[in-house]
Amino acid sequence: MKKKLNLRKVSSAWLFVIPALIPLIVFWIYPIFKSIYISFTDWDYMSPTYNFVFFDNFKALFKDQRFYDALWNTIVFTLGTLLPTIVLGLLLALLLQKSFKGSGIIKFILFSPWITPTVAVSIVWTWIYDPGSGIANVILNFFGLPGLQWIKSSDTAMLSVIIVTVWKSLGYAMIFYLSALEKVPRELFEASGMDGAKSWQRFRDVTIPCISPTTFFLMIITMVNSLQAYDQIQILTQGGPSGSTRTLLYMYYQLGFEEFNMGQATAVAIVLILITVLLSVVQFTGSKKWVHY
Amino acid sequence: MKIKIGLEKVGKALLLFIFSVFTAFPFFWMVLSALKTKAEIMDVSKFFPAEFQWNNFYEVIFHSPLLKYVWNSLFVSVLTLAIQIVTAAMIAYAIVFMEFKGRKILFAIIMGTYMLPTAATYIPSYIILANLNLLNSFTGLILSNCVSIFGIFLLRQAFMQVPVGVIEAARIDGASQWKILWRVVCPMTKSSFITFGLMNFITCYNSYMWPSLITDSDEKMMVSQGLRKFFIEGGAYGTEWPLVMAGSTLIVLPLLILFAFTQKWFINGIGGDTGMKG
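In the order they appear, the protein sequences are chains A and B. Counting from 1, one number per residue, gives the positions in the first sequence under this note's numbering. Counting from 1, one number per residue, gives the positions in the second sequence under this note's numbering.
Hints in this document: simulated from the structure, not taken from any laboratory. For clarity, every value in this text was computed on a predicted model and none was experimentally measured. C-beta atoms are modelled at their ideal positions from N, C-alpha and C, and glycine is treated no differently. Take the hints with a grain of salt, since some may be wrong.
Here's a subset of chain B near chain A, in silico, CB distances under 8 angstroms, partners left out [what the hints assert, rightly or not]:
1. 16
2. 18
3. 20
4. 26
5. 55
6. 111
7. 113
8. 121
9. 128
10. 257
11. 260
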């Protein structure tokens, strides 16, 4: 009798798990392994047959200058979005910590880019960046600065994409910091005997450690998002000019869905996964030193 | 001393003002550009249009397929979200309140997938949908997106706050697990469900890369892809910037209005409930 009851319990638990587990396996877990498999072949999507080439795709990749450029662009893009998002997000949260008349509206404005479609706002930014008739150069000229070529030049294209990305994610970081700052216990300021201490010191010794879990969380999230950025790059630059904004993810897209070189494309995907795992491990181990729960 | 505090206040206000202008300006510029003529929009010396060209909006609403894309996006997002909520709530309930073999491993696997770049799964997922003959269909879009790992996390975090005693009591009363989930646990964690709903609705509605890979017919396009096509199509005879801007405005404004009414759920939800200690 008892065994029967247990069996029923078990089966009902799995009934609750299966509706999520099946799609998770079909569209997440299986594709990861399948990608690894494809990366060892020379499959071109069209032909039904393919050859096993083992590590040839990876070898070719590691000999390809395009790959190293994309890797470098990925690093620049990731750091270039991560640092401003975190620093400016915290700054804004500090400025908005005490509510005042109108602070609600400012929060609304600062967060609003996050909820709008990246494609739509990137199209608007394309127009803003237009070297001939865009407003960005009008503003630069107004301050006596020379106009830039923005997304039309390989020198400034990456900067332009980074600006749009930071513009979009700043409010998100701010919201996280706002609620983290709210939870910094007031007593800590008094307990640390720093009533008279400079506010900067208080900020460094009390606030920063208290909000370190949020900083850590935001670093991971922003990093993962930056490694996967596609929409704004596709609209603004399509990886150009001359590959200056081609990140690893964009290279993956071009190899897979433009050139149908599935073996090479999945090889890039595997490298991307490995980088994500590596960076997460580094951040998790490093975080033990500076994150205080 | 007083002067110093005053200066500090002015400095803070100024900084906030600059950031707000920087953030809001693209939206403002988008609406303003949508109301210009083609000649005005190309002329940088004309900041404001001489006359508001409401006709641009009329053009986009009645003579472009944009509204159809909006409808497609709404349809796909609402259905996707409904399934995501059910699947995530069930598995989160099982992980938190039920005993079964492999529970810990299951959660570890889900956690592992959370950080993986989604795009890495696209090629095999594409092949799967092609084999099922589901490319270019809403069913394919919805099926491939019917589990939200973020949602599972959010709900698990919320469910863990529910006292076990409440569940035990309901079980003694003879309620089934299904009933406990929707009649007891769900009302107690309502705010997480709302946050989940809003965040994932926005994400799905705005999504671009995956839908654009698996759809190419006009009939099935979602807003982002449709807008992009609309934007590119003009390219042949010079982009019709005022119309493109009017299209963008029509897509962006409803979302901003939705956000204005639901702001507190976003702000409390992502700041408070996403499971960060500290």
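Outcome of the hint check:
{"no.": "1", "hint": "16", "in the structure": "5 angstroms, holds"}
{"no.": "2", "hint": "18", "in the structure": "11 angstroms, violated"}
{"no.": "3", "hint": "20", "in the structure": "5 angstroms, holds"}
{"no.": "4", "hint": "26", "in the structure": "5 angstroms, holds"}
{"no.": "5", "hint": "55", "in the structure": "19 angstroms, violated"}
{"no.": "6", "hint": "111", "in the structure": "11 angstroms, violated"}
{"no.": "7", "hint": "113", "in the structure": "5 angstroms, holds"}
{"no.": "8", "hint": "121", "in the structure": "4 angstroms, holds"}
{"no.": "9", "hint": "128", "in the structure": "7 angstroms, holds"}
{"no.": "10", "hint": "257", "in the structure": "11 angstroms, violated"}
{"no.": "11", "hint": "260", "in the structure": "7 angstroms, holds"}
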